[in-house]
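> These are the residues of each chain, in order.
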Amino acid sequence: MKDAFGLPQSLLVLGGTSEIALATARRLIARRTRTVWLAGRPSPALEQAAEQLRGHGADVHTVAFDALDPDSHETALGKVFAESDVDMVLLAFGILGDQARDEREPAWAVRVAQTNYTGAVSAALVSARALQTQGHGSLVVLSSTAGERARRSDFIYGSSKAGLDVFTQGLGDALYGTGVHVMLVRAGFVRSKMTAGLEETPLATTPEAVATAVELGLRRRSETVWVPGTLRVVMSALRHVPRGLFRRLPL
Amino acid sequence: MSADTAPVTVTVTGWGLTAPTAAHVIRPRTYEEAAAAVRACGVRGGIPRGLGRAYGDAAQNAGGAVLDMTGVDRIHAIDADGGTVLCDAGVSLHRLMEVLLPLGWFVPVTPGTRHVTVGGAIGADIHGRNHHVSGSFSRHVLSLELLTADGGIRTVSRGTPLFDATTGGMGLTGVILTATVRLLPVETSLLSVATERATDLDDLMARLTATDHRHRYSVAWIDLLARGAATGRAVLTRADHAPLDALPARARRAPLAFRTLQFPPVPAHLPQGLLGRTTVGLFNELRYRTAPRARTGRLQRISTLFHPLDGVPHWNRVHGRGGFVHYQVVVGRGQEDALRRIVRRISARRCPAFPAVLKRFGEAAPGWLSFPVPGWTLALDLPAGLPGLGAFLDELDEEVATAGGRVHLAKDSRVRPELLAAMYPRLDDFRALRAELDPRAVFTSDLSRRLAL
Ligand SMILES: Cc1cc2nc3c(=O)[nH]c(=O)nc-3n(C[C@H](O)[C@H](O)[C@H](O)COP(=O)(O)OP(=O)(O)OC[C@H]3O[C@@H](n4cnc5c(N)ncnc54)[C@H](O)[C@@H]3O)c2cc1C
Ligand SMILES: NC(=O)c1ccc[n+]([C@@H]2O[C@H](COP(=O)([O-])OP(=O)(O)OC[C@H]3O[C@@H](n4cnc5c(N)ncnc54)[C@H](OP(=O)(O)O)[C@@H]3O)[C@@H](O)[C@H]2O)c1
Chain A
1 MKDAFGLPQS LLVLGGTSEI ALATARRLIA RRTRTVWLAG RPSPALEQAA
51 EQLRGHGADV HTVAFDALDP DSHETALGKV FAESDVDMVL LAFGILGDQA
101 RDEREPAWAV RVAQTNYTGA VSAALVSARA LQTQGHGSLV VLSSTAGERA
151 RRSDFIYGSS KAGLDVFTQG LGDALYGTGV HVMLVRAGFV RSKMTAGLEE
201 TPLATTPEAV ATAVELGLRR RSETVWVPGT LRVVMSALRH VPRGLFRRLP
251 L
Chain B
1 MSADTAPVTV TVTGWGLTAP TAAHVIRPRT YEEAAAAVRA CGVRGGIPRG
51 LGRAYGDAAQ NAGGAVLDMT GVDRIHAIDA DGGTVLCDAG VSLHRLMEVL
101 LPLGWFVPVT PGTRHVTVGG AIGADIHGRN HHVSGSFSRH VLSLELLTAD
151 GGIRTVSRGT PLFDATTGGM GLTGVILTAT VRLLPVETSL LSVATERATD
201 LDDLMARLTA TDHRHRYSVA WIDLLARGAA TGRAVLTRAD HAPLDALPAR
251 ARRAPLAFRT LQFPPVPAHL PQGLLGRTTV GLFNELRYRT APRARTGRLQ
301 RISTLFHPLD GVPHWNRVHG RGGFVHYQVV VGRGQEDALR RIVRRISARR
351 CPAFPAVLKR FGEAAPGWLS FPVPGWTLAL DLPAGLPGLG AFLDELDEEV
401 ATAGGRVHLA KDSRVRPELL AAMYPRLDDF RALRAELDPR AVFTSDLSRR
451 LAL
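As you go down the protein sequences, you meet chains A and B in turn. With the first letter of the first sequence counted as 1, position 128 gets the number 128 in UniProt numbering; the numbers rise by one all the way through. With the first letter of the second sequence counted as 1, position 101 gets the number 101 in UniProt numbering; the numbers rise by one all the way through.
Treat the hints as calculated values from the structure; they're not laboratory data. Note that this is a predicted model, so its numbers are computed, not measured. Among the hints, erroneous ones may be present.
Stated by the list, open to error - Reference listing, derived: stretches of chain A covered by chain B, where coverage requires no fewer than 3 residues with Cβ under 8 Å from a Cβ of chain B:
1) 63-72
2) 202-214
To be verified - Beyond 10 Å from chain A on every Cβ pair, some chain B residues (computed):
3) Thr11
4) Arg44
5) Asn61
6) Pro102
7) Gly152
8) Arg277
9) His314
10) Trp315
11) Gln335
12) Pro374
13) Gly385
14) Arg416
Stated by the list, open to error - Among the chain A residues that face chain B by a calculated CB cut under 7 Å, a handful are:
15) Met1
16) Lys2
17) Thr133
18) Gln134
19) Gly135
20) His136
21) Glu223
Where is the CB? At the ideal position from N, CA and C, for every residue including glycine.
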């Protein structure tokens, strides 16, 4: 169960090797989290992530989960929920893709869309139903500012996040009053393996900063969290910049 | 809460408004309906609820059933000579006062609010300002009827393991349906109040130790924002039921009248942080300065003295939507140093604790999870949104547990589960009894899930 500060005792991470998710897990383990499920594609990295979190004192299990195989979600995640209550689900999987390649080879673009949108819709709905049955829990979804306004440089990824963002908002409204809390985390550029080698945009931040913001959002039962917080203002200004001008901005 | 017998799904919180969860709320009107509701509990079980005055998650049950017992509320028999009452568990102490005071009887123990049920009073084995004299509520319970997980009803008498598990058992042994409670005879509905000031924590403890026994009721309001030499300065309030001859002639005409005050409710959606350091600091300063150094014999109503907050409906909204944490701990006699450290740490951190009280406890009850032990109890409210509050209270808990103390489960919403066994040495007995009495864990609450009770 969560405590008065919204801190979970058990955590299910979808995308178990995500750097942002692992930073969040470490932070929550330092407070109240004792049981962690890392769901992801089986790999040595996934096992290493589990081992690392064990080192922080949690009881960690891994579970095979592939966002690109929605038919398997019910079974894969059902197993976790059948075991015990899950106080928080962190939906963290996602791929950035390669904009140039994805434009050239639509099959790759589809993969981005299927991972970030279709896969997330499926996993979120499966999780939401289980949380609703237990009558409590937070579903935290990692969205992105890339979904706020289309950019020449990453609109395939951005559009998938835009879809996920709107979907999550609606899901939050649908679950209002059911005891389930849905929280959108809109992060800007986060230094992680996803963005390794890319040129940083202004206001770049770290997985640890996202983790801090998530903990605060849980305490406040926020519906939307921006990381860093200033992005909320920046993005609301950028939303009103005319297309012609926006195209020429170095973003 | 709903007024229906058909279950409705609603989000439920405790009085502190933190950690909401959804449950099917059922409001039985008869014992049969209550028994049927218990038998119908699904895998997520059920938990009895009274008036929801527990601050934390004791009377909520995510995804399962919450049995709102306020519909089972008959007073069956009053023995006006012997001074006992047999009533349903859903009867509130407020109702008991209305009915009993005119007959010259008072409830044996009242907490800081009248709006608790007899079931909640036993389930949390509550204490009042008279603990040093009268002990906790369960001491005055002669017997009770308990609806257990199998749907059967048992009579539970004092001195049995089931009685000791149930008093303070937070509703986890079953649903209390009725109780026979011993009452306190009074000549009037007024109290004769004595007030004095203590300049610091040591002065306060010395005064409480020296003269508490002279009064039935005793409590100290403590200024946790005062620092330096004034750390722990306080205003002590002692009281006794006023005898008839202490009343002025006019009041003697209706000496047992029960009067209460009602102010408008606190609106919903107040901003957070209204009760910040400055407001509370100012209030504390005023409270201390305006309190008499020493005064005796002032007459006050029961409601004014014991339940000042009851006059303001929904006062719990004053901390805003984020809710608040009520932190109450006790450390045993001989552990005054631990208390000093705790008070010093709170005032050094400048927490806007409002209100905060210190009280000296008397003998413990046999209840396995009953809170009071002989020693010192400190209770304070803090807005849940205070940065770093969770980690800070964890540190205080360590201090408390090391000193052999504990937190009050009826008020808890955040203690680290690992500390609980140290705080409650009979926890294993409690778990074992539950495992035998209720193997399917029909009685389950958010509290029991959080702390693995
Ligand atoms: C302003 C204020 C002041 C307070 N002052 C004090 C104080 O001085 N001392 C003190 O000890 N407490 C104090 N409390 C706490 C309060 O007295 C307890 O939490 C009490 O249990 C509340 O009773 P309730 O009927 O509201 O029960 P709830 O809050 O609804 O439930 C509390 C617990 O009792 C159980 N319970 C309720 N009904 C039954 C039943 N029929 N059978 C079995 N179990 C049942 C529930 O399952 C739950 O575990 C105070 C609370 C407030 C808001
Ligand atoms: N980094 C940023 O700048 C940034 C900014 C805003 C939002 N976000 C979002 O935050 C989330 C986490 O990002 P991160 O920075 O932590 O990146 P990361 O370390 O690269 O993590 C991405 C995770 O997604 C998993 N994943 C990818 N495809 C999957 C699939 N088909 N099935 C299951 N898991 C799959 C990866 O698992 P494998 O180990 O199996 O590949 C990995 O665990 C992502 O949703 C991302 O879009 C990131």
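> Closer than 8 Å, Cβ to Cβ, for at least three residues: run that test on the region 202-214 of chain A against chain B and report holds or violated.
n = 0 at 8 Å, threshold three: violated.
> Next item in the hint list is Glu223(A). Is there a CB on chain B closer than 7 Å to its CB?
Violated: closest Cβ of chain B sits about 12 Å from Glu223(A), beyond 7 Å.
> Given Thr133(A) as an interface hint, is its Cβ closer than 7 Å to any Cβ of chain B?
Where the cut-off is 7 Å and the nearest Cβ of chain B is about 6 Å from Thr133(A), the hint holds.
> So is Thr11(B) really clear of chain A, every C-beta pair being over 10 Å apart?
violated, 5 Å
> Just checking, His314(B) versus chain A, shortest CB gap more than 10 Å?
About 19 Å separates His314(B) from the closest Cβ of chain A, which puts it past 10 Å; holds.
> Is Gly385(B) truly not at the interface, in the sense that its beta carbon sits beyond 10 Å from all beta carbons of chain A?
Given a closest Cβ separation of 7 Å, the condition is violated.
> Go through the hint on Gln134(A) and say holds or violated, using the shortest Cβ distance to chain B against 7 Å.
holds, 4 Å
> Has the region 63-72 of chain A got at least three residues whose CB is nearer than 8 Å to a CB belonging to chain B?
violated (count 0)
> For Asn61(B), which was marked as not at the interface, is the minimum beta-carbon distance to chain A over 10 Å?
Not fine: 8 Å to the nearest Cβ puts Asn61(B) too close to chain A.
> Checking a non-interface call: every C-beta of chain A should be farther than 10 Å from the C-beta of Pro374(B). Is that right?
holds, 29 Å
> For the restraint on His136(A), tell me whether the closest CB of chain B is nearer than 7 Å.
Check passed: Cβ of His136(A) comes within 4 Å of chain B, closer than 7 Å.
> Please settle this one: Arg277(B) was flagged as non-interface, so is its CB more than 10 Å from every CB on chain A?
holds, 19 Å
Of the numbered hints stated above, those contradicted by the structure are hints 1, 2, 3, 4, 5, 13, 14 and 21, listed in ascending order.
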